[in-house]
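One-letter residues, chain by chain:
Protein chains: 2
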Amino acid sequence: MSEKTDPAAAIASAVTVGADARLPLIDPRSTPGFDGGKAEGEELLARDAARLDGLQERLFASGFAGTTDAAVLLVIQGMDTAGKGGIVRHVVGAVDPQGVRIRAFKAPTPEEAAHDFLWRIERELPEPGMIGVFDRSHYEDVLAARVRGLAAPDEIERRYDAIVEAERAWAERGIRIVKVMLHISPEEQHARLSSRLDRPDKRWKFSPADIDDRLLWPSYQDAYQRVLARTAAEPWAVVPADRKWYARLAVQSLLLRALEGIAPVWPLPAYDVDEQRHRLAGAVEVGTAEGERA
Amino acid sequence: MSEKTDPAAAIASAVTVGADARLPLIDPRSTPGFDGGKAEGEELLARDAARLDGLQERLFASGFAGTTDAAVLLVIQGMDTAGKGGIVRHVVGAVDPQGVRIRAFKAPTPEEAAHDFLWRIERELPEPGMIGVFDRSHYEDVLAARVRGLAAPDEIERRYDAIVEAERAWAERGIRIVKVMLHISPEEQHARLSSRLDRPDKRWKFSPADIDDRLLWPSYQDAYQRVLARTAAEPWAVVPADRKWYARLAVQSLLLRALEGIAPVWPLPAYDVDEQRHRLAGAVEVGTAEGERA
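Note that the protein sequences, when read in sequence, are chains C and H.
Residue numbers 773 to 1066, in the numbering used here, belong to the letters of the first sequence in order.
Residue numbers 773 to 1066, in the numbering used here, belong to the letters of the second sequence in order.
Here chain C stands alone, though its shape is the one from the complex (with noise of 0.2 angstroms):
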């Protein structure tokens, strides 16, 4: 489908970015590309998680048999409260979770930090037919590591590089990688580590350090948008995340587009049909148990 009788399409297309991406002028409550409303797009939401949930299957299949070297990786960035866990729990939640591996990158464990920052990412690529989500990733190694000078700047800057060099050859692999900034606004932000300090089944999710980096905000944009422009060789979509229906049809969006591109089809047999269909003819009764003869 084209992006006039698509809407995904038009979102994914909407979203995506390229070097030149200015933050500040990107608006966390719009809606790029959707001209609906929440309404609206919770439907739209509904109706392509069938589209993709077919898409997938197809995908896991041709996994399964062997037949195709193809893999999706969903890469989730953004700030605390930016709604990583929401995209995982309502857009990939929805595809059958045997073909989703899942895992989040917290700080690295002591056998972690002594390796190169890509090893313990490259363990985690998505085997050919699966989609891989990463919630957070090699991204915090030049986020989070730059603004709170967790390594020097000039690692810093020969990580970018790597990251580059890397995605490329994932990419030659077969991964289609979706590069997701989850983009919101501090008051939003304000306003939903308020609630999860309000709610006493909110109140797990909160962290100190939540504010620690609350108060580094302008130096987290930095470094995403020195993100955008060193790393744009596989495409960033920045995706405004203050509306959370919106965020969500954006990534489940731009996973369509993911799964298009690769156009995953069902496996031949590698057996002959109808030899098995004979052989099955033949096996209609199967016996007892031994300990029933016994």
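It should be emphasised that the hints constitute simulated quantities derived from the structure, not laboratory data.
Treat the hints with care, since some could be wrong.
[To be verified] Cβ-Cβ distance ranges computed for the label pairs, FRET-style:
#: 1; chain 1: H; residue 1: Arg895; chain 2: C; residue 2: Ser966; range: 34 to 44 angstroms
#: 2; chain 1: H; residue 1: Arg940; chain 2: C; residue 2: Ala1042; range: 39 to 49 angstroms
#: 3; chain 1: H; residue 1: Arg940; chain 2: C; residue 2: Gly808; range: 51 to 61 angstroms
The beta carbon of each residue, even a glycine, is placed where N, CA and C say it ideally should be.
Got chain C; can you put chain H on it based on the hints?
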């Protein structure tokens, strides 16, 4: 809730068996503990999915906060076409995928085969707060291994005891093990295999080895019978699986019982809520990106 007031508790209780269970006496078309039909069963499945979801989120939160040792491990066994994938899709798929880790065990790789049979299993046990799902498991090492003669009889004997010992250790670590044998009839399997051969979108799920195994049906039933007798320390559920709606409802009921046994609660915050509210109130304004000031 008690079995009288909670249909799920009645179902979970009715499918749970002891070491003296006799497979030929369990009708694969029956619906133990539930006297409704398909429509009522699907209604209950949908209603209890919300309960399962709420419990799972509390468990996940506790794991995230480090306040629990508890986890759930769902072990799914059954002949080909018994519905393992459907359980994962429709029962496990109803909870937040971030809290679930699914592992499908296939024939061991050379590396896996070089270790004891439990080596690859123990590496995939769920962390605290998680629901682990094994689609096939260590039980293949006493099922297929026995029927197909992949291990010597005395090694198979040793494995029953090793499994009992290992599962006891897992339980002591806090893992609630839900062991499910999906029990189908050979007639139903015949119909499902035929359908897989007929439908181009299902042929990838069929393998000629499925018929090889079907021809060994009595030996497999005998092997399952021995498993039930020898590994009952952590109890099995034999779930009649000719009716897919019932099998899904029964497994959901077993998961509910396991989670209610854990009785997870929202973790209390490790920080002072009022202190953080105060900090947040002082962080309404967060400034402008460095790039903007320039």
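**Prompt:** What are the numbers of the hints that this structure violates, sorted from low to high?
**Reply:** Going through the list in order, the structure violates no hint and respects every one.
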